[in-house]
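Enquirer: Hey, can you work out the whole structure from these sequences and the hints?
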Amino acid sequence: MGNSRSCCKADDAPPEVQEVCAGRGAHDIPDLPTDMPSYAGSGPASDGGSCDPVCGEDTGRASRSTRCSERLENFVLEKDLLRGIPLRASLRNLGKLWVNSPIDLQEPVKASLWTRSHKVSKLDIFLSHTWHTPGWRKVIALLVQLGSYNFLLGWLLGMVLGATLHATLEIPYFIAPKPAMWMGALLGSVCGLLSTPYMPAWATFRGEPEEMCFFDAVCINQADPDMMQKGIYGLGGFLAAASELRILWSPPYLSRLWCVFEMAAFHKANPSGRIVLKPLFVESGLLCVVLGLYIVIIVDEWRFNARSGVSQVVVALTMLPSYLLFHVLRGTLNDKHHLVNELRNFDISEVHCRTVEDRECILAAISSWYGSSSSFAQHVRGPLADELTQHFSSTDLPGAYWLMIATPFITFNVAKFLEECQSPTSTMEVILSTFLVRCVANSVLCVHYIQLVYFVCHRFAAPAGRLLDYGKTLLIWVLLAGALMCIFGLSALALRQPVAPAVVYSAAAGIVSCVVASRRRWRAWICSTSPCGDRSEPSSGP
Numbered sequence: 001m002g003n004s005r006s007c008c009k010a011d012d013a014p015p016e017v018q019e020v021c022a023g024r025g026a027h028d029i030p031d032l033p034t035d036m037p038s039y040a041g042s043g044p045a046s047d048g049g050s051c052d053p054v055c056g057e058d059t060g061r062a063s064r065s066t067r068c069s070e071r072l073e074n075f076v077l078e079k080d081l082l083r084g085i086p087l088r089a090s091l092r093n094l095g096k097l098w099v100n101s102p103i104d105l106q107e108p109v110k111a112s113l114w115t116r117s118h119k120v121s122k123l124d125i126f127l128s129h130t131w132h133t134p135g136w137r138k139v140i141a142l143l144v145q146l147g148s149y150n151f152l153l154g155w156l157l158g159m160v161l162g163a164t165l166h167a168t169l170e171i172p173y174f175i176a177p178k179p180a181m182w183m184g185a186l187l188g189s190v191c192g193l194l195s196t197p198y199m200p201a202w203a204t205f206r207g208e209p210e211e212m213c214f215f216d217a218v219c220i221n222q223a224d225p226d227m228m229q230k231g232i233y234g235l236g237g238f239l240a241a242a243s244e245l246r247i248l249w250s251p252p253y254l255s256r257l258w259c260v261f262e263m264a265a266f267h268k269a270n271p272s273g274r275i276v277l278k279p280l281f282v283e284s285g286l287l288c289v290v291l292g293l294y295i296v297i298i299v300d301e302w303r304f305n306a307r308s309g310v311s312q313v314v315v316a317l318t319m320l321p322s323y324l325l326f327h328v329l330r331g332t333l334n335d336k337h338h339l340v341n342e343l344r345n346f347d348i349s350e351v352h353c354r355t356v357e358d359r360e361c362i363l364a365a366i367s368s369w370y371g372s373s374s375s376f377a378q379h380v381r382g383p384l385a386d387e388l389t390q391h392f393s394s395t396d397l398p399g400a401y402w403l404m405i406a407t408p409f410i411t412f413n414v415a416k417f418l419e420e421c422q423s424p425t426s427t428m429e430v431i432l433s434t435f436l437v438r439c440v441a442n443s444v445l446c447v448h449y450i451q452l453v454y455f456v457c458h459r460f461a462a463p464a465g466r467l468l469d470y471g472k473t474l475l476i477w478v479l480l481a482g483a484l485m486c487i488f489g490l491s492a493l494a495l496r497q498p499v500a501p502a503v504v505y506s507a508a509a510g511i512v513s514c515v516v517a518s519r520r521r522w523r524a525w526i527c528s529t530s531p532c533g534d535r536s537e538p539s540s541g542p
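Here full-length UniProt numbering is used: the first residue of the sequence shown is 1, the next is one more, and so on.
These are computed hints drawn from the structure, not numbers from a lab.
The reader is advised that the hints may include incorrect statements.
Derived SDA-like pairs (lysine to any residue); straight-line CA-CA distance at most 20 Å [as the list claims (entries may be wrong)]: (1) K278 / L146; (2) K416 / G399; (3) K122 / R274; (4) K416 / Q390.
Expert: Shown next as structure tokens:
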């Protein structure tokens, strides 16, 4: 949220930056300049009152702390301060609003942030995050959450455009077949994703209003100290007006007291409201996998087509991208273990807040709601952890996410199919076999292969020391590379004779897909009905 200064004495040195996970996330609230009135450290005045500019007396400080606690506990927020911003609008200009914490901005820029938000009567989403996490990670996560279908639409248009160019122009072979197709598909996917902030939400086509959310940088006045004070200590009012608390989780999240306050306050202000956990590593890992698959497939195509003129050392080096992809994915999925461990072992005494006054106010509010801070910690470790992680497995991703992962495979399989169609020696049987094997069976099996990769990398995500960790990834890579070679080997056998083997291979791929889907549904049903199962870590697998 904003910047602030604790004003115990006029000549005191400025306090350290204070963490505030304002609605949208924890904000770091640094010290205001010495000529500004006191703000965060002392606590706001209740019901719109203002803090004294200088507070040298303990009684004055205690009085302000009491007013601060009352404002937090009772969800006090003036109606004219309830503001929101369309979620998509916050991501425009490449997510510029998210990149820098307000405390790092110049005063004129801070003043302009307030104009980005609008007065609202209620909020759809309260975004909770911490400014201790790089803003670009939150921008990527929100772009994918909102724009997965835009990504797929851009991919489809790019691939169709590439196919059209190949049909009308003489485009030379470059690394892989139909270069305009895979280049167009990749660029189309990126453009589709980046267009998300400017595209209308799907709900608007059904006549529903656009979702309004609380984003601390623009919904709390960053330039006016008094209004900033009221906004920060009126966080409970923002939470009470929101229908959903969306947690953009990153490793520092549960170490910040203002972030913890938001979870505690929302549960009391909206007992029937939704708390949605959105770990940032999911979307960043997803895009890493998609980009990595394009690189791996392109490198493999080049390696197999240029092997005769390239040394074996270079050929071996071309296998490095797939190894790095697995290693990065292991590190990304290790964040999930960190998240579950944080929730199950939550200790409020280890949560940090830069000012003692704010810590006292927040803990007093939490104690008034839950009886004591230790009772709240037990609530986080038990019911809240169950609620947040009950469907949190390595393969429980939205269907659109799996389609995004499938796009590199589908692109190159379709490119090979079209190349086969244009071959003068191809018969109808060969074309049909190629379609069944490459466009249908291999695309389906490769998605399940990625599920297997997710499952194995998740199970063995824990680091094992620097050198041992690379060796651990190497063993995983060898195992999974063998599985992929099996898929390619079976597809090559199915293509040797037209139609019949291809039909059998495609049918087998369909059966595998049905078995995997039914197994996941069965596992989800067991996890949801078991009275004693650990819902925080349902067994996951492809």
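Enquirer: Out of the numbered hints, which ones does the structure contradict?
Expert: 2, 4
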